[in-house]
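Engineer: Now for the letters of each chain:
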Amino acid sequence: MANMVNLKIDGKEIKAPEGTNLIDAAELGGIHIPNLCYLKGLKGIGACRLCLVEIEGMKAPMIACTTRVKEGMVVNTKTEKVQEVRKFVIDLILSMHPLDCMTCTKAGACSLQNYAYDFEIKESSFTRKKFGFSIDEANPFIKRDPDYCVLCGRCVRVCKDQGTNVLEFMGRGVGSKVATAADKPLHESECTFCGSCVDVCPVNALLEADRWRKGREWDYDKVNSVCLLCGNGCDITVSTKDGQIMKINAGAAEGSPERYICAYGRFGFDCIEADNRVTAPMKRVNGELKETTWKDAIETIANALKKAGQNAGFITTAGILNEDALTLKKFASDAVKTKNVDTTASLYGDADTLISGSADLDSADLFVLVDLNPSQWKRVLPAIDAVIRRRVNAGAKLIVINSSEPKIASVATVNLIENEAEALMSLTKALLDKGLPGDKKLASDVSSATVSEAVDKAATLYMEAKNPVILSSPAMYQAAANISLLKGVTVSVPVESNAKGVVMMGLTTEGKSYKEMASGGLNLLYAIGEVPLNKRPNVDFLVVQTSHLTELAKQADIVLPSAAYLEIDGTVVDYLGRLKHVCKAVEPAGDAKSHREIFADIAKAMGTEIKEAKESETKKFTEVKVKASVAPFARKEGFDVKVDEMIESINASVINGSRLLWLKEAAVCA
Amino acid sequence: MTEAKEKKTEDIKKEAEEKNCTVQKALYYVSEFLSGPMCGRCFPCALGSYEAKVRLQRIAEGKAADADLIVLRNIADNMLEASMCKKGKDTARFILEWLGTDAYKEHIEGKCIAHECMALLEFKVIPEKCVMCGLCLDACRYSAIIGEKKKRFQLGYLPYEIRMARCVKCGDCVKVCPTEAIVIVDIKEKTVQTVQTV
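As you go down the protein sequences, you meet chains D and U in turn. Note that our numbering has the first sequence beginning at 709, numbered continuously upward. Note that our numbering has the second sequence beginning at 2, numbered continuously upward.
Simulated from the structure, these hints should not be mistaken for laboratory data. Wrong hints could be hidden among the right ones.
As the list claims (entries may be wrong) - So, partial list: chain U residues that the calculated Cβ filter (under 10 Å) puts toward chain D:
1. Gln155
2. Gly157
3. Tyr158
4. Glu162
As the list claims (entries may be wrong) - Reference excerpt, derived from the structure (chain U facing chain D, CB under 8 Å, subset only):
5. Leu35
6. Met39
7. Phe44
8. Pro45
9. Tyr105
Unchecked claim - Calculated cross-link-like contacts (lysine to aspartate or glutamate; reagent style EDC-like; alpha-carbon spacing at most 20 Å):
10. D/Lys751 x D/Asp978
11. D/Lys786 x U/Asp91
12. D/Lys837 x U/Glu62
13. U/Lys54 x U/Glu107
14. D/Lys1223 x D/Asp1164
15. U/Lys90 x D/Glu1126
16. D/Lys789 x U/Asp78
17. U/Lys90 x D/Glu792
18. D/Lys795 x U/Glu82
19. D/Lys795 x U/Glu98
20. D/Lys837 x U/Asp69
21. D/Lys1262 x D/Asp907
22. D/Lys949 x D/Glu1275
23. D/Lys922 x D/Asp978
24. D/Lys767 x U/Asp91
25. D/Lys720 x D/Asp808
26. D/Lys830 x U/Asp69
27. D/Lys767 x U/Glu62
28. D/Lys778 x D/Asp718
29. D/Lys1142 x D/Glu1113
30. D/Lys1333 x D/Asp1348
31. D/Lys795 x D/Glu845
32. D/Lys767 x U/Glu107
33. D/Lys795 x U/Glu107
Small disclaimer: the values here were computed from a predicted structure and weren't measured. Here a beta-carbon is modelled for each residue, glycine too, at the ideal position from N, C-alpha and C.
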């Protein structure tokens, strides 16, 4: 914990950590200092001059966003002098801002509106200025209306900070605007439609494209949840109105580098109401899928499962929640009495390679990226890409170890573009040579490695770093973890959101593996979620339990409607090993039920009573200690998946069922 | 990039001081500042100086009221207080330096004593002095002068007149008139002022 500093703001005693600026310090004491251009987590730029405060002992007012707290400081945020300046600035901005608060979507959540209210400005006392800029609404995600822009520059800075770097100011002062390169519309720029700019815009200049007449901030019920579409498992805030999702925003704490979600997470929610949603159980009658009742479907499955017995198998995605996974485990072993349960996590990892340590990315000052290719542009683990770029902009270092050159290598301090196992080995040797204490076995393992100049530089960086974090693909995890035996932590990054969770719940290959089951030969195959399978394997009976009518579901004998993401409560374990709560935002569509409820119902029909797993039950499974031991420097065999293809495949119905399809059709992002 | 070198605030100040009318001084300074050294990084200066220019233009055109002077003072005071750097503060100081002069009040009444605010002035031919020589007729590029060049020993010619709708107040006619028959007058007062070349 940093040293605490005592200061007085508006007569209130406040304790703030050393190095905090006055805006954040005041926030700790519940005092809001007006600002438009300040962005928590980034350095203040002092452009809007709204945060002027008077500090005792100083002649002129100071800007709070760039002033750090000092012991014994006495700050007044509401003196007559600074209030007048604030009123003056708001008045000026208001003179060039449309005054249509009565129909403006941002009403209630608009900083300008709030400040105008605070300073009692009915209308601007200055000359009205109108610019008539063209509106950019050619894409289905983000609408840009420069007429509303207050030129605070938050969007420009957030875009630069996360490395997308699309927005920039055009011109200066009155009449300037925020534009892309050559003032092209967003879809012709490098924009990834992550919508970070929408989150930070204080007014109506940047908004979700479909928000018109869909309710305003005060109409919404808000739920904090987790996005389940890829291995990042980002925090999201879901806004709903009348049982419908209206928008999703990034949910991580303000100022945290993890406050980022990609276009999938922000705009993929349309798929919940897609045409191909399964809302009732379906059964194959005379070669065609017909809707049926839950009772009939469950009885049919119960009988089929009884008949198949040992020869039944369950495959599931690793995107299901911990509670579902644990119930499935009990269901398979207690009711069906089979060991054939496996998840798609087995395609890229197992218990040894997936369960890893945890890391604090906020304080990490060195990232080592092993065999990972995160990309915001391809939406492959985009949040990792954004976090690393943000941290690098804040002064952290990056070492990339990869046999091919990933896009993020352009911001790396050291690139080791060679065989990962060999690079890790020589890096370990270099670290041992530099005097890090390690065990004898490790030293003898790496004795044959050669240390190149680049590796030596990387080792020097690693030695200097206070909190080095190694992010690795599961296949390389054990090799990479050898380094964290010396120093730092290694985190294995899975492809799916709850891969760590399902493995902790015990869904690892015990009987037949996922690959074996997916290639056929079972009497009964029970597929859960959107498994990356398009063709029915050679099985006698196929049950597909899914939220959308996938290609596989169309070939099934029975399709059971399950609740989609955002429709269920539960927990997941994200890539950093944190237990996260997934909260239900809307009711399941039609007759859809959660996975765990369906398993319990079928078990009951089979004559075995199993209980749906509860959060208290799953929690103890997630408290796993990571064993640290020396492992061979080699890629673990059998875990070769193409991460980008897999992410697209497991999210096929999300992408095809929502406006994200436009991205594919327009193919705007290379 | 082969852009013209940006003007410095000191140069702008020097050039502005050369003007006689104090409103024109401030207007020139603010206009040049906006198109030149203004960086646009802080709101009070970027937005404030633009608004100040709008108000100064109104004053120079005689469309202003007392309220404009109050607003202008308010802008300058706040810019001086809140601008990020010296450039903004200097602009505010320059506006304040001349804001107190009588000329501002006179402009609101519709007079520009220094004869630099063209919107407040018009050109007029004094009939008694006009010899109908036709020099101004040739000099006027906008065909704003009505009249016929006098031929010797013939009668029936009328003194020239200036059509205000066409006149751009360039002052070319004044320079060529041999008898100083063209004068600048205040629109409001319609009284003849001392003649000055513009």
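Engineer: Hint by hint, say whether it matches the structure.
Structural biologist: Quick rundown of the hints versus the structure:
1. Annotation: glutamine 155 of chain U was flagged as interfacial toward chain D, and the flag is violated, the nearest CB pair being 56 Å apart, outside 10 Å.
2. A distance limit of 10 Å between C-beta atoms decides the matter here; for glycine 157 of chain U the minimum to chain D is near 52 Å, and the interface restraint is violated.
3. Look at tyrosine 158 of chain U: its Cβ only gets to about 49 Å from chain D, farther than 10 Å, so that hint breaks.
4. For glutamate 162 of chain U, the suggested interface contact is broken, since its CB lies about 37 Å from the closest CB of chain D, more than 10 Å.
5. At its closest, the beta carbon of leucine 35 of chain U sits 7 Å from a beta carbon of chain D; the interface hint therefore holds under the 8 Å criterion.
6. For methionine 39 of chain U, the interface hint holds, the least distance from its beta-carbon to any beta-carbon of chain D being 6 Å, beneath 8 Å.
7. This hint holds: phenylalanine 44 of chain U has a C-beta 5 Å from the nearest C-beta of chain D, less than the 8 Å allowed.
8. Restraint check, proline 45 of chain U versus chain D: the minimum CB separation of about 5 Å is within 8 Å; hint holds.
9. Against a cut-off of 8 Å between C-beta atoms, the interface hint on tyrosine 105 of chain U is violated, since the closest Cβ of chain D lies about 18 Å away.
10. Between lysine 751 of chain D and aspartate 978 of chain D the CA atoms are separated by roughly 36 Å; this puts the pair beyond 20 Å, and the hint is violated.
11. A C-alpha spacing of about 26 Å is found between lysine 786 of chain D and aspartate 91 of chain U, which places the hinted pair above 20 Å, so the restraint is violated.
12. Distance check on the hinted pair: lysine 837 of chain D and glutamate 62 of chain U sit about 19 Å apart at the alpha-carbon level, within 20 Å; holds.
13. Proximity of lysine 54 of chain U to glutamate 107 of chain U is assessed by CA-CA distance (about 19 Å); at most 20 Å being required, the pair is judged to hold.
14. Only pairs whose Cα atoms come within 20 Å are accepted, and lysine 1223 of chain D paired with aspartate 1164 of chain D is rejected, the gap being roughly 41 Å.
15. For a cut-off of 20 Å, the pair hint linking lysine 90 of chain U to glutamate 1126 of chain D is broken: about 57 Å separates their Cα positions.
16. Under the criterion of a C-alpha separation no larger than 20 Å, the hint pairing lysine 789 of chain D with aspartate 78 of chain U is consistent with the structure, at around 11 Å.
17. At roughly 17 Å between alpha-carbon atoms, lysine 90 of chain U and glutamate 792 of chain D fall within 20 Å of each other, so this suggested pair holds.
18. Pair hint lysine 795 of chain D plus glutamate 82 of chain U holds up; C-alpha atoms about 13 Å apart against a cutoff of 20 Å.
19. Straight-line distance between C-alpha atoms of lysine 795 of chain D and glutamate 98 of chain U comes to about 24 Å, which puts the hinted pair past the 20 Å bound.
20. A C-alpha spacing of about 16 Å is found between lysine 837 of chain D and aspartate 69 of chain U, which places the hinted pair at or below 20 Å, so the restraint holds.
21. Restraint check for lysine 1262 of chain D and aspartate 907 of chain D: the C-alpha separation of about 39 Å exceeds 20 Å, so the hint is violated.
22. Straight-line distance between C-alpha atoms of lysine 949 of chain D and glutamate 1275 of chain D comes to about 14 Å, which keeps the hinted pair within the 20 Å bound.
23. Distance check on the hinted pair: lysine 922 of chain D and aspartate 978 of chain D sit about 14 Å apart at the alpha-carbon level, within 20 Å; holds.
24. For the given pair, lysine 767 of chain D sits about 18 Å from aspartate 91 of chain U by alpha-carbon distance, which is consistent with the 20 Å threshold.
25. Taking the CA atoms of lysine 720 of chain D and aspartate 808 of chain D, the gap is near 38 Å; set against the 20 Å cutoff, the hint is violated.
26. In summary, the hint linking lysine 830 of chain D to aspartate 69 of chain U is supported, as the alpha carbons are separated by about 19 Å, within the 20 Å threshold.
27. Our distance criterion of 20 Å between C-alpha atoms is broken by lysine 767 of chain D and glutamate 62 of chain U, whose separation comes to about 39 Å.
28. Pair hint lysine 778 of chain D plus aspartate 718 of chain D holds up; C-alpha atoms about 15 Å apart against a cutoff of 20 Å.
29. At most 20 Å may separate the alpha-carbon atoms for a hinted pair to count; lysine 1142 of chain D and glutamate 1113 of chain D exceed this at roughly 28 Å.
30. Restraint check for lysine 1333 of chain D and aspartate 1348 of chain D: the C-alpha separation of about 26 Å exceeds 20 Å, so the hint is violated.
31. Taking the CA atoms of lysine 795 of chain D and glutamate 845 of chain D, the gap is about 33 Å. The hint is violated against a cut of 20 Å.
32. A C-alpha spacing of about 37 Å is found between lysine 767 of chain D and glutamate 107 of chain U, which places the hinted pair above 20 Å, so the restraint is violated.
33. For a cut-off of 20 Å, the pair hint linking lysine 795 of chain D to glutamate 107 of chain U is broken: about 30 Å separates their Cα positions.
Violated hints, in rising order: 1, 2, 3, 4, 9, 10, 11, 14, 15, 19, 21, 25, 27, 29, 30, 31, 32, 33; the structure is consistent with all others.
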